[in-house]
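Undergrad: Listed below, chain by chain, are the residues.
There are 4 protein chains.
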Amino acid sequence: MTTTEAGAAAPSEHATHGYHKQKDEHLKRLRRIEGQIRGLQRMVDEDVYCIDILTQVSASTKALQSFALQLLEEHLRHCVADAAVKGGDEIDAKVEEATQAIARMLRT
Amino acid sequence: MTTTEAGAAAPSEHATHGYHKQKDEHLKRLRRIEGQIRGLQRMVDEDVYCIDILTQVSASTKALQSFALQLLEEHLRHCVADAAVKGGDEIDAKVEEATQAIARMLRT
Amino acid sequence: MTTTEAGAAAPSEHATHGYHKQKDEHLKRLRRIEGQIRGLQRMVDEDVYCIDILTQVSASTKALQSFALQLLEEHLRHCVADAAVKGGDEIDAKVEEATQAIARMLRT
Amino acid sequence: MTTTEAGAAAPSEHATHGYHKQKDEHLKRLRRIEGQIRGLQRMVDEDVYCIDILTQVSASTKALQSFALQLLEEHLRHCVADAAVKGGDEIDAKVEEATQAIARMLRT
Chain A
8 MTTTEAGAAA
18 PSEHATHGYH
28 KQKDEHLKRL
38 RRIEGQIRGL
48 QRMVDEDVYC
58 IDILTQVSAS
68 TKALQSFALQ
78 LLEEHLRHCV
88 ADAAVKGGDE
98 IDAKVEEATQ
108 AIARMLRT
Chain B
8 MTTTEAGAAA
18 PSEHATHGYH
28 KQKDEHLKRL
38 RRIEGQIRGL
48 QRMVDEDVYC
58 IDILTQVSAS
68 TKALQSFALQ
78 LLEEHLRHCV
88 ADAAVKGGDE
98 IDAKVEEATQ
108 AIARMLRT
Chain C
8 MTTTEAGAAA
18 PSEHATHGYH
28 KQKDEHLKRL
38 RRIEGQIRGL
48 QRMVDEDVYC
58 IDILTQVSAS
68 TKALQSFALQ
78 LLEEHLRHCV
88 ADAAVKGGDE
98 IDAKVEEATQ
108 AIARMLRT
Chain D
8 MTTTEAGAAA
18 PSEHATHGYH
28 KQKDEHLKRL
38 RRIEGQIRGL
48 QRMVDEDVYC
58 IDILTQVSAS
68 TKALQSFALQ
78 LLEEHLRHCV
88 ADAAVKGGDE
98 IDAKVEEATQ
108 AIARMLRT
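Protein chains in written order, with our numbering: chain A, 8 to 115; chain B, 8 to 115; chain C, 8 to 115; chain D, 8 to 115.
For chains that are exact copies, the list does not tell them apart, and a pair is met inside one copy or across any two.
When the alpha-carbon atoms are kept at most 30 Å apart in a straight line, the in silico DSSO-like pairs for lysine-lysine are as follows:
id, residue 1, residue 2
1, K69, K35
2, K93, K28
3, K30, K69
4, K93, K30
For the record, the hints were derived by calculation from the structure and aren't laboratory data.
If we strip away everything but chain A, and leave its shape as in the complex, we get (with noise of 0.2 Å):
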C-alpha cells in the first residue's frame, strides 16, 4: 500500500483487508512462530523436561494470541470502520462477525 488509501478513488479489488499494510511485519511474526514450533519439536526429540516444554508452549500461545490482537485490531480499524462509515445493516454484521472471532479467541 503506497500511494492509495481506503476511500481513494479507484482501489484494487485487493487493496482490501485491514492488515494490508502491516503484511511484511505479520509474516516475520508466523515465520518467528513457526521456528517455535519447530523449537518445540526439538525439545521433545531431546527429551526437555515437561515443564520447560510447556513454559515454551505458553510463549508461542502469546505470540499467536498477540498476531491475532494485532489482526483484529487492524480489521476494527479498517474493515468495521468503513461499514460504520457506510452506514446501512453492514455494521451489525461486522460487529457481530468480530465479536464471535474475539468469542473463538477467548475459548482457546
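Got chain A sorted already, so can you dock chains B, C and D onto it with the hints?
TA: Positioned in the frame of chain A, the structure of chains B, C and D alone reads:
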C-alpha cells in the same frame, strides 16, 4: 429503566453508552453471577470436593466472559461505530482502547 | 460431608479435602469477588463507560482464576498425591479428573 | 528417535520424562501445528479475509493448548506422582512448579 436516564433529568443523546438498552438484561446476568459466587462460598464452607468447586468456578468465569463479550459487542456497535462516522482521529483512539480491553480479557 | 471419609476407618476432622486448611482464606477471597460483582452492577446501573466496566470484569475473572489455581494446587498436593502414595488405579482417575478441570479452566 | 535415548548409551528407567511414551504422537501433533502456522503465512500472503485468518489462529492456539494439556497430564501422572511416592519435600516443589506452568497457560 423506562423513560429517564439514570438520575438525569434531561439526558443528552450521548449521556448513554452502547450497553444502555440492555441494562436490565446486564443487571440480571450480574445478579446471577453474584449468586454463583455465593454458591461457591457455600461449597467451600460445606467442604465440597475440590473438583466440583473448580467446575463451578469455570461456570462463573464463563458467565463473566459472556457478559464482557456482550458489552464489547454493544461498545463496538455504538461507541466505535459512532467515532468512525464522526471521522477524525477518534476512531484510532477508540479502536486502540477496545483492543487493549480485549487483550486484558484474553490474559485472564 | 459429615462424619466419615471415603475408605478411612477413623478420619480426623482434617481428613477432608485439600483446601480445608485454607478455608478462611478462600472464603475471604470469594467475598471480595462477590463485592467486585456487586461493584459491576453499580457501574452498569450508573452508566459507567463500557471500557471501564470491561476492565473491572477482567479483574474479577483474574481473581476467580487465581482462586481456582490455589484450589487446584492444594488438590494436587493432597488428593492427587495421596492417590499416588496409595497406589493402584486411583492415581490415573485422579490425574484425568484434574486435567479435565484444567481444560475447563482454559476454555473459559 | 528410533532405538536409543537422546545422547544416552544406557538410559536408566528414569532418564525419561512423563511424555516419553507418547513421543511420536507429540511430534505428529507438533508437525500438524507447524503446518497450520505455514497455512497462516499463506493466508496472509494471499490477502485472505481477516476474520478467516483469526479463525485459523484460534484453531492453532487450541491445538497448542491441547498438546500442553496432554503433556501436563503425563507430567502429573509420572513426575508428580513419583515425587509423591518418594516422599519428602519434593512433592511440594513439583506441585508448585506444575501450578505455575498451569498459571502461564491460563494467562496466554
